[in-house]
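S.K.: Given next are the chains, with one letter for each unit.
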Amino acid sequence: MNQSSVNPPPVTALPKFPVPSRTKKLKDRLWRERYLFLLLMPGLLYFIVYRYIPMLGNIIAFQDFSPFRGFLNSEWVGLHHFKTIFSDPEVVRVLWNTLWLSFLQIGFAFPVPIILAIMLNEVKNERYKRIVQSIVYLPHFLSWVVVIGIVTIFLKNEGIINRILSPMLGIEPISFLQQPGWFMPLVILEVIWKEAGWGTIIFLAALSGINPSLYEAAVVDGANRWRQIWHITLPALRSTIVILFILRLGTVLDSGFEQIFLMLNPFTMDVGNVLDTYVYFKGIQNADFSFGTAVGLFKSLIGLILILAANRLAKKYGEEGVF
Amino acid sequence: MINQKSMSERLIDIINIILLGLLALMMLFPFYYILTISFTSYEEYKLSELILWPDRWVTDAYAYILNSKEFIHSIGVTIYVTVVGSLANIILTATMAYAITRNIWGQKVFLFLVLFTFIFNAGMIPTYLIVKATGLINSYWALIIPGAINSFNLIVIRQFILSIPNELNEAALIDGANDLQIFTRIVLPLSKPALAAFGLFYAVGHWNTYFNAILYLNEPSKWTVQVILRQIVILNDTTNSLASAARDAAKSGILPPGETIGMAAILLATLPILIVYPFLQKHFAKGVMLGSVKG
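Chains as they are written, first to last, in this note's numbering: chain A, 1 to 323; chain B, 324 to 618.
Chain B on its own, in the form it takes in the complex:
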């Protein structure tokens, strides 16, 4: 049957494959272009129309940006927030998810409290005022605590925990384990894949966070990498955002490598995402779909 494909069927297949290939290229080309330009000298970039392969590969842009204390500091800050934040996220999400899988007193109310945030949320300003009232403004905790639990992730992890066979619980109870021990010795080890997946999701969120940083952190010395990236690339301001490198360059009389700095900054800021992407990819399809499995 399948071998009897007509010419037009084959044509559809070929066009489909070509179109998808073009789409994939559209996704990849920006990366390729920015990678090449970040290694191109500024003079060459300024003069040529379209550079697909530079005449000379140089690392000026990287040397310049890595010489900037501000950029290095922002990377450090973002790593700190990402690591501490994701750990806090996953611990809070997993503990609460587990507690409301069990037939705890008030379970339905607690579950409702979580689900209601799917359809109604306090707005930006009341949240801001509470963050302020709890003394988190200008503290890195403001990037961690106000978004400590993502309701959707919590529900998905809860579904995952619910799928653990109840016999394991019962066996542990007979052996005299309490709920805390069941959680740490049975539930946590068995949900490791789900927790790893959501830990990564949370981590990507922290690394990419921009809005909370401008909302809650007012001092430029506290800028995260996304904030400094915006200054460099979108607002085209390297003199203030990379002040230390700019001073050094002025002192030694070297012209800064212009827009190629922005390209190098984008690549450096995206590198961690590209590194974890294979792991993300392994998990996310499962993670996303877990939510729709009927419990």
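Here chain A stands alone, though its shape is the one from the complex:
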């Protein structure tokens, strides 16, 4: 995750050549590097066609795009779609859902891998530790369809949870998946179930770098387990936590399309529709390409600003930052 080792260089930093034989030299160099360019070409072409041309394609956010007239001939409407974004109560609600979900994620899902890593770090029996690790990493590799499939099987009215709960508490089965109130808690729990174990890897790596003599010295000084965690383990995790937090802030408007899309149904649409799914419903299903693009572009730009700002903030407070 740490990208500081590969600082993005400025675009202008092209090699300088002596003026007289400039083209000749360049030609020689390109010929010398022809095989490297051969290897580079497919990947470069991919980046240009499928990553950068679509970035330019964002101009349709300022058009009334019609697939028949194309990118260049569609009618220009300026900031019309952006004005709609801020005046449409539906967008405001979707934006609110997105931010609320991210807030809950950062509050509840973000700390779990940290706690789990510390718990694993405290286990002295290496074998037990490794078995637990193998088990908690596994859900990361399951698809969202499988995870939400499992959740559906467990939580539907005639599912195992209701079969146990309703006779026990003497209540009617609870429609967890249809009740708006359960939507966000379930989404958060799913994320924790699927990703918390995987998320520990990066923290465990940071912990493996701690010099054991620090703990020994702490024991000599009479520090109990909590004090060791507080004064040695947590400080060792600090910069990792800060970096992951910065990266997380940059994605507060991303909700994980697949998970939300698969969890949504007509009953939970009001509380669960987020920007990602909204762009899909509007832009693809209703074929309102320009408006969907405007919402998407708005989202990407905010994300860009947030990650740059968070990075600067981290540097200001003496952390390394991401780039």
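Treat the hints as calculated values from the structure; they're not laboratory data. Here a beta-carbon is modelled for each residue, glycine too, at the ideal position from N, C-alpha and C. Check before you lean on any hint, since a few could be wrong.
What the hints assert, rightly or not - Derived, one-sided and incomplete: chain B residues facing chain A with beta-carbon distance under 8 Å:
no., residue
1, Leu342
2, Phe433
3, Gly446
4, Thr457
5, Ala471
6, Asn501
7, Asp502
8, Ala592
Here the structure of chain A is known, so what remains is to put chain B in place on it, guided by the hints.
M.R.: Quick look at chain B alone, frame taken from chain A:
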């Protein structure tokens, strides 16, 4: 020193171990439950509250789902996309990663192009329109080409290639090898572990892909396994998604084994992941951490 642990220290250890054990059980129980129910008869499943061990092990659900042409076809499609897709991923990622480790003309620009996608991406709709414009809609290539290179994987593989001692390059150059030969005879063999690891990561991604399939493939006959799985388990629709099996069952007057079909489908769709998991596990910690090694 360490032997002088107080009672409370030991208590913390024990509670910690128990809590971790419970967490691990929480991760495993869904698998266990779905496995057992998939082998339970539908009648027994319907009647009992909680089944941890069925009275009778039956394979009705598996027989039903494997009789469905739609399901078998979706598995075939997904295997094809996974194999071809991962190969394409790894070839494109490795070649480009190698080219930008060398001091190639414009190297910094190319590297910047990759790194910039870390913080800014074209949105869903412009990408969709380009995929459409390049004629990939309803083609399996739409599941392969638009995600051909993962920028993060590319950077990690580049770091790995950079860690190969430069003396090897120089020795090969003196022996008269060109860049292509250096790539195929030195770089590729030496980066095999990294490439295998990322090949597996890409493969898991292809196997699990759902969003691209619904975005780019409109015909039900092209459904991948995750799409059909959603129809069966989440939307509870086996009549349309497993039409051929449903017809057969109706013809022979057998009642379909209800929700146990969904459980069998989940297990069949997860089996490949479970099979490669030990290999993934061997590699991933290294793979994930490689990225953070300072170059």
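S.K.: Should the interface hint for alanine 592/B be scored as holding, given a Cβ-Cβ cut-off of 8 Å against chain A?
M.R.: Constraint on alanine 592/B satisfied, holds at 6 Å.
S.K.: Hold the hint about aspartate 502/B up to the distance rule: shortest CB distance to chain A must be less than 8 Å.
M.R.: Aspartate 502/B check passes; min Cβ-Cβ to chain A is 4 Å, inside 8 Å.
S.K.: Using 8 Å as the Cβ threshold, decide whether glycine 446/B counts as touching chain A.
M.R.: 3 Å, holds
S.K.: Could you check if asparagine 501/B really has its C-beta closer than 8 Å to a C-beta on chain A?
M.R.: Because about 5 Å separates asparagine 501/B from the closest Cβ in chain A, which is inside the 8 Å limit, the hint holds.
S.K.: Quick check on leucine 342/B please, does its C-beta sit within 8 Å of some C-beta on chain A?
M.R.: Holds - the Cβ of leucine 342/B comes within 8 Å of chain A, reaching about 7 Å at its closest.
S.K.: Would you settle whether the hint for phenylalanine 433/B is holds or violated, based on the nearest Cβ-Cβ distance to chain A being less than 8 Å?
M.R.: 6 Å, holds
S.K.: Hint check: is the beta carbon of threonine 457/B less than 8 Å from a beta carbon of chain A?
M.R.: 7 Å, holds
S.K.: Return the status of the interface hint for alanine 471/B: holds when the least beta-carbon distance to chain A is below 8 Å, violated otherwise.
M.R.: 5 Å, holds
Comparing the model with each earlier hint shows no violations; every hint is respected.
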